Amino acid sequence: GIQVEQSPPDLILQEGANSTLRCNFSDSVNNLQWFHQNPWGQLINLFYIPSGTKQNGRLSATTVATERYSLLYISSSQTTDSGVYFCAVSRGFGNEKLTFGTGTRLTIIP
Amino acid sequence: DAGVIQSPRHEVTEMGQEVTLRCKPISGHDYLFWYRQTMMRGLELLIYFNNNVPIDDSGMPEDRFSAKMPNASFSTLKIQPSEPRDSAVYFCASRGTHNVLTFGAGSRLTVL
Numbered sequence: 001g002i003q004v005e006q007s008p009p010d011l012i013l014q015e016g017a018n019s020t021l022r023c024n025f026s027d028s029v030n031n032l033q034w035f036h037q038n039p040w041g042q043l044i045n046l047f048y049i050p051s052g053t054k055q056n057g058r059l060s061a062t063t064v065a066t067e068r069y070s071l072l073y074i075s076s077s078q079t080t081d082s083g084v085y086f087c088a089v090s091r092g093f094g095n096e097k098l099t100f101g102t103g104t105r106l107t108i109i110p
Numbered sequence: 001d002a003g004v005i006q007s008p009r010h011e012v013t014e015m016g017q018e019v020t021l022r023c024k025p026i027s028g029h030d031y032l033f034w035y036r037q038t039m040m041r042g043l044e045l046l047i048y049f050n051n052n053v054p055i056d057d058s059g060m061p062e063d064r065f066s067a068k069m070p071n072a073s074f075s076t077l078k079i080q081p082s083e084p085r086d087s088a089v090y091f092c093a094s095r096g097t098h099n100v101l102t103f104g105a106g107s108r109l110t111v112l
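Chains as they are written, first to last, in this note's numbering: chain A, 1 to 110; chain B, 1 to 112.
In isolation and in its complexed conformation, chain B is listed as follows (with noise of 0.2 Å):
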């Protein structure tokens, strides 16, 4: 099993851009949560799918944030129109029936 799989790696854009980060859950496994990494913020959950389907999005900072779960293997997170203070480390994360959080290496986004 190749893992989570996150593209892209890094994102450079400018203030207004919009931003589409993806993933790829690991087969099987019916929960996907993306989570943002700051200094002054640590870790935070955005939004968590169970079996592609939104069950929290409490934690999507505004409306310029969108994320979406086509289908089992595909998610994505959307930020529009992007501001210099959404850089930050984006993380996607899987977990099957075992509750073991599988992360993917994660999105480094600057927006200058």
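In isolation and in its complexed conformation, chain A is listed as follows (with noise of 0.2 Å):
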């Protein structure tokens, strides 16, 4: 099955810091998601983004899918975007099976 890898595995970072989570994939697909998963452990659904750039507020993703990468950017981070951020991916056409990727655990220190 397609393979996907988050990094860094761990982030800490001061308030008001910018920051940039990968996600790499081991397939061409044509579903990306980006989620957050809040300390109270509800997952929220930020992007879908198979291709190209989105921003929404202090967030913004883009998806290089010929490069089989996408990023998700943070900018001056607050103490509520702590949690995990998860990408998930699926190849679609019949394949509806999001495959997510292990995370990136985001603490945000006042």
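Do not take every clue at face value.
[What the hints assert, rightly or not] A few chain B positions that, by computed beta-carbon distances, are all more than 10 Å from chain A:
1. V19
2. G28
3. G42
4. F74
5. S87
6. R108
[Unchecked claim] Partial pick of chain B residues on the chain A-facing surface, computed with a CB cut under 8 Å:
7. A2
8. E18
9. L43
10. L45
11. T76
12. V89
13. L101
14. T102
15. G106
No lab work stands behind these hints: they were computed from the structure. All of these numbers come straight from a predicted model, not from anything done at the bench. Quick reminder that beta carbons are idealized off the backbone N, C-alpha and C, glycines included.
Hey, can you piece these two chains together into the complex? The hints should help.
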């Protein structure tokens, strides 16, 4: 099956700092999503981004499908950004199984 | 919209007991997914449905696990008999034509 690797596994930053999270995948995909799991366990969809760039407030994401990676940018970090960020991919076209990476645990220190 | 609704939020049971987890997807969503999350294995897809029909159950760990979707607004995941290694958080998620996956709050299962 498709492999999804996320880096770094852990990231500790001071409030106000910027961060870049990376997701590499082993095969071509037509579905890529980023999720944030908050400290209470809730999984929130951040972006559906199989290609291109999107922005939502302080968060933005870029997927370069031809090179099989995606980046999630968080600017001016806040303590509420803490949690685990997951990348998930699928090939689609009849295969709807989203495979999740192991996540990046982000801790924002006030 | 109330989002994806799961129940119970927490369940503690003894080994050998039957466990039933419930899910109400977002109205209009035609895909429903059951995931399990553990520290050791992360998020794993167990089974997914399209228009109430099971499409892929290759992630169901063994015959003790079963899932049904009798109509578009309800699905169950059943474990019978339950074992301690089934302890995990079970997530239900649904998706419409826009491809964005929306998760429920999860059901935390502890099997003693």
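Structure-based check of all given hints:
no.	hint	verdict
1	V19	holds (19 Å)
2	G28	holds (16 Å)
3	G42	violated (5 Å)
4	F74	holds (20 Å)
5	S87	holds (14 Å)
6	R108	violated (8 Å)
7	A2	violated (14 Å)
8	E18	violated (24 Å)
9	L43	holds (4 Å)
10	L45	holds (5 Å)
11	T76	violated (20 Å)
12	V89	holds (6 Å)
13	L101	holds (6 Å)
14	T102	holds (6 Å)
15	G106	holds (6 Å)
Violated hints, listed in ascending order, are 3, 6, 7, 8 and 11; each of the other numbered hints is respected by the structure.
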